[in-house]
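2 protein chains.
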Amino acid sequence: METQLEKEILRGGQFLVKETKCEDIFTPEDFSEEQKMMRDSVIEFNDREIIPHRDRFEAKDYALTEEVMRKAGDMGFLGVSVPEEYGGLGMGFVSTMIVCEYISSGTGSFSTAFGAHTGIGTMPITLYGTEEQKQKYVPRLATGEWFGAYALTEPGAGSDANSGKTIATLSEDGKSYKINGQKMWISNAGFCQMFIVFARIENDKNITCFIIEKDLNNGITLGEEEHKLGIHASSTRQVFFSDTVVPAENMLAGRGEGFKIAMNALNIGRIKLAAACLDSQRRVTTTAVQYANERKQFNTPISDFGAIKLKLAEMATNCYAGESASYRAAKNIEDRIAMREASGNSHQEAELKGVEEYAIECSILKVAVSEDIQHCADEGIQIFGGMGFSKDTPMEAAWRDARIARIYEGTNEINRMLSVGMLVKKAMKGHVDLLGPAQAVADELMGIPSFETPDYSELFAEEKEMVAKLKKVFLMVAGAAVQKFGPDLDGQQQLLLAASDILIEIYMAESTLLRTEKNAKRFGEASQEIQIAMAKLYLYNAVSIVEKNGKESIISFAEGDEQRMMLMGLKRFVKYTNYPDIVDLRKAIAEKVKGENKYPF
Amino acid sequence: METQLEKEILRGGQFLVKETKCEDIFTPEDFSEEQKMMRDSVIEFNDREIIPHRDRFEAKDYALTEEVMRKAGDMGFLGVSVPEEYGGLGMGFVSTMIVCEYISSGTGSFSTAFGAHTGIGTMPITLYGTEEQKQKYVPRLATGEWFGAYALTEPGAGSDANSGKTIATLSEDGKSYKINGQKMWISNAGFCQMFIVFARIENDKNITCFIIEKDLNNGITLGEEEHKLGIHASSTRQVFFSDTVVPAENMLAGRGEGFKIAMNALNIGRIKLAAACLDSQRRVTTTAVQYANERKQFNTPISDFGAIKLKLAEMATNCYAGESASYRAAKNIEDRIAMREASGNSHQEAELKGVEEYAIECSILKVAVSEDIQHCADEGIQIFGGMGFSKDTPMEAAWRDARIARIYEGTNEINRMLSVGMLVKKAMKGHVDLLGPAQAVADELMGIPSFETPDYSELFAEEKEMVAKLKKVFLMVAGAAVQKFGPDLDGQQQLLLAASDILIEIYMAESTLLRTEKNAKRFGEASQEIQIAMAKLYLYNAVSIVEKNGKESIISFAEGDEQRMMLMGLKRFVKYTNYPDIVDLRKAIAEKVKGENKYPF
Ligand SMILES: Cc1cc2nc3c(=O)[nH]c(=O)nc-3n(C[C@H](O)[C@H](O)[C@H](O)COP(=O)(O)OP(=O)(O)OC[C@H]3O[C@@H](n4cnc5c(N)ncnc54)[C@H](O)[C@@H]3O)c2cc1C
Ligand SMILES: Cc1cc2nc3c(=O)[nH]c(=O)nc-3n(C[C@H](O)[C@H](O)[C@H](O)COP(=O)(O)OP(=O)(O)OC[C@H]3O[C@@H](n4cnc5c(N)ncnc54)[C@H](O)[C@@H]3O)c2cc1C
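Read top to bottom, the protein sequences are chains S and H. Per the UniProt record's numbering, residue 1 is the first one in the first sequence, and the count goes up by one each step. Per the UniProt record's numbering, residue 1 is the first one in the second sequence, and the count goes up by one each step.
Looking at chain S on its own, in the form it has when it is part of the complex:
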């Protein structure tokens, strides 16, 4: 039964069909004093312990990664969200995001080590562990006495994580399992003390999860460090289990529950990965503008050239959008956890359900922000010109490190398809009513469009209408696709990918608008002039992506009159009454970044 509170918080995926008021979203400007203090202490840590040692991280100094991880443990950063009774700080989900974000911009190596340990390495136990398991392992993990790793992937089982061949065989006395198999790409394998390992019992449909201590005398061997494109000081190894004995009580949750654990762990990993990419964007943008202000060609600081301004504006805008959407979702998760606790769930249960609820948003964020940091670093290189290609400047490492974010925690293809797939599933289950709104859009298409000129005098009046129309595009396209293909929709991957691009842009653009509107209302529009420009620029770009994907989809599944009608609808839904001059918007945004000589938002 839903409580009053529950009704007020949007459910996962509902952003698509319900209007969100700007007052109802959380923004980085809403950080509490405690959160700000946490942020500042993490920034200070990053500036002191990580940034100055970039060269050592690049030189694959794995010991440094471990050392700094231990220091992060001393600071309490490894246990931010771990309940106090297990040695953590017991802070909320937003604080976890903040720590993840600000500790990550120094190097992708540390970011990965941190993420693998605190996220997928620790969370399976806090979320699914028995009291004994939690008592035994979590305090060590939360303080950095021990480090964790997550061993799901195998040579033959990557995206298809449930297909692993590692097996767990129960001993005759029923007291232990023997694990045999090969795990691959295991972050932190080199220095961790404990693995979360997934293995199959007999011919089970689903894998099972075990906590396995790293005892090299217990049939565990490690491969060499992998030679990687980026994140050079992140330890990534194969792990071989050969008759490794695990006490039966080290099984996490029940037999066959492993796949669910794996998916939920990744899920949280995804939104945290988005956070981890944010401060990197900020730093790349800052480094880039500082260089552009210094570097002169043709007797002009290159930051005065329109080509460079365009880049700076887009870099800043995407970062601002990423922040907006990430913290919106993070607070939804935090609130939902609180709500569930208030209604009687254990913290553990509440956390599990809270995060599960927003799996769609987590996938959206993972894809959007991992692509933004790649693009940001790419433009960073380009702004540096030849120097961008040099290992003596920080751009190329940022670019290489960014590349992994589109591959792990589920590839971006998998996450794109998941985001739409989960939404459709939620609709089927009745958790999100898509059918009603989709029907309404279909009806609207048949009707006569209104030719009234609406009143757009209020801030974002037209923009908010625009977002509402983009939602209609999604409903129109996805609705029609579900109807046409039914259960075969899964096979229409090009369509799913296009739909997810639409979905992603809607969420990102709406979050950006809402954050800005909220701030304009409380701090005054004048103070948010550039943020308003960014929100408009982001939306314009989003509309263009939606139009492209919408069109391609419609053409692919509709013909003749139906195609014409839907294309007309699309045209109507992506049409501005007053087009924003995005050339000017970019100029204004870039001027601000230039003037402040950093990412200033």
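Treat the hints with care, as some may be off.
No distinction is drawn between identical chains; accordingly, a pair holds when it is met within one copy or between any pair of copies.
[Unchecked claim] As a list, the in silico EDC-like pairs of lysine to aspartate or glutamate whose alpha-carbon atoms are at most 16 Å apart:
1. K575 <-> E465
2. K178 <-> D243
3. K134 <-> E249
4. K425 <-> E356
5. K175 <-> D243
6. K205 <-> E257
7. K464 <-> E19
8. K60 <-> E226
Hints are computed from structural coordinates only; laboratory data are not their basis. Here the structure is a predicted model, which is why all the values come from computation and not from measurement.
The hints should help you fit chain H with the ligands onto chain S, whose structure is shown.
Just chain H with the ligands, lined up with the frame of chain S:
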């Protein structure tokens, strides 16, 4: 006075305002027996001498680069276009492109060494040298007895190449110059025997070019090898000149002629760089599809997933488009050289003018193909999943190596702006009549559109009309911009960039269509089914880019009724009567690539 022949060959930039018949373009399918033999022997060389040694190139084995360069010299590859009297093979420009292309896919390191030597390292002498200079240096360079390097860039002078601080001081007896200054990012510096160096005499407006032999006892010192993101075995060093004495007769062309030499050398470098990126795309696509056919997830070869098909189709299509446009332009250059020679120019003069004529096309190709290979390698990584991030597979090196192509030979920003800038200049000079056609488009906008349903039964009838309409978009946008901003257009970089994106897509899409049409006519449509699909897919994507950039531009400089009228025009110009189903096109293309287990075109 124009000869008859001259009238028949399109001038540079004229593709925009004149229709080209498919019979009039040269395609890779038109390679002569000699050209095919050359191609095959280069492929054989690449397979034998470069590909198997990728690891050594990645491990920065500079000596290997030098050794293979010498072997390439033994094969005659370094002197393909060098006239026989200077020790070369005296082949045409198309052959040079072929060699450049097929020798480049093994590693960006060799590709860069080859390009720097044969292009910017040798061409300044063949194009501008006196008979004595040519006799002295070219035979050595053409055979690989000596290697050349090109020293233009300085710490303070990159894009603004004419601003270098290196100075050349005439000796009192007038017999020599003393060179003082610092050059940076000099490819081949480590193993070359000769530099093309640019330096300023007194307070000259323009720099002057010198041939300087690498005598380390003559005030020449080298910096350490740069640490670079990619092209690891390409030698890149700083070069310091301290009272280096050069005989006065080593000045190339006249005093102050250096900037022109620099620009023309880069110009040829650009189209060759495009060629150099083509076979890499082919190889990446082939490697990717082979992996995708092998790799199974969810009990399915991943090449069966729509998400992977989409990638394979776009990779193949862009490569095919790049080939089409590159060889179209290459043959134009070759023909123009021949025409000028026929009309009495020396080979040297003819070559110079021939290449200069197509500077716009060279910039277009440089930008388009360098971005395609980046995208191709990026998707290559993604298809490999986690393995794509590993140095044990060839994708990540391809991705890193590709990154330089967007920076050197003029950054892509500079080349984008140049392409439009040169076109406008040509129009001003009357070499290309843009004003007439632009006026015609303006008139058309005011008129009533025809509502006849045209006959699209012939192959590409609608597509060719579409290209004609895209040209109108360019004329409408650029025409209006020139009118609005006049000489201030240079300052409107966002606009120039948008216009150049339109220009680029027109050239690439048209070339792709024409190649395919030509082949369909002679080999039969049935044999070109997939090529037809690629031409349609490329065009569809091009239309979408043109629409986006056109819209953004129009909104930025037009308001009210004018904006509405131009946006209506735009809409008309990007509208298909029958939209192609690009989802299906991609499937068909991918099926072909999958089936052949390689890039098969
Ligand atoms: C540096 C690094 C660190 C890592 N750390 C860890 C770790 O700590 N623990 C851990 O368990 N794993 C880890 N991984 C593994 C990572 O999670 C996997 O690489 C990722 O899930 C992709 O799996 P894969 O590499 O097998 O690619 P594949 O699954 O083989 O994918 C190859 C391609 O096929 C596509 N594809 C696959 N299935 C489908 C489908 N159904 N439909 C459409 N497209 C599909 C993918 O999107 C991708 O483009 C790490 C990987 C790397 C590179
Ligand atoms: C690996 C490597 C090999 C090289 N090999 C050689 C070689 O053999 N010989 C040689 O002479 N040089 C060589 N170069 C140098 C190369 O040509 C320059 O790096 C390139 O021209 C860019 O110059 P820059 O690095 O000074 O960048 P900058 O000119 O400083 O450019 C920085 C940024 O500003 C932008 N910008 C600059 N001017 C403008 C403008 N007017 N309007 C808008 N945007 C602008 C650029 O597009 C870029 O984004 C090499 C470079 C590298 C990295």
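Quick rundown of the hints versus the structure:
no., hint, in the structure
1, K575 <-> E465, "within (11 Å within a copy, 26 Å between copies)"
2, K178 <-> D243, "within (5 Å within a copy, 75 Å between copies)"
3, K134 <-> E249, "within (12 Å within a copy, 83 Å between copies)"
4, K425 <-> E356, "within (13 Å within a copy, 60 Å between copies)"
5, K175 <-> D243, "within (15 Å within a copy, 83 Å between copies)"
6, K205 <-> E257, "within (10 Å within a copy, 75 Å between copies)"
7, K464 <-> E19, "within (10 Å within a copy, 45 Å between copies)"
8, K60 <-> E226, "within (11 Å within a copy, 19 Å between copies)"
In this structure, none of the earlier numbered hints is contradicted; all agree with it.
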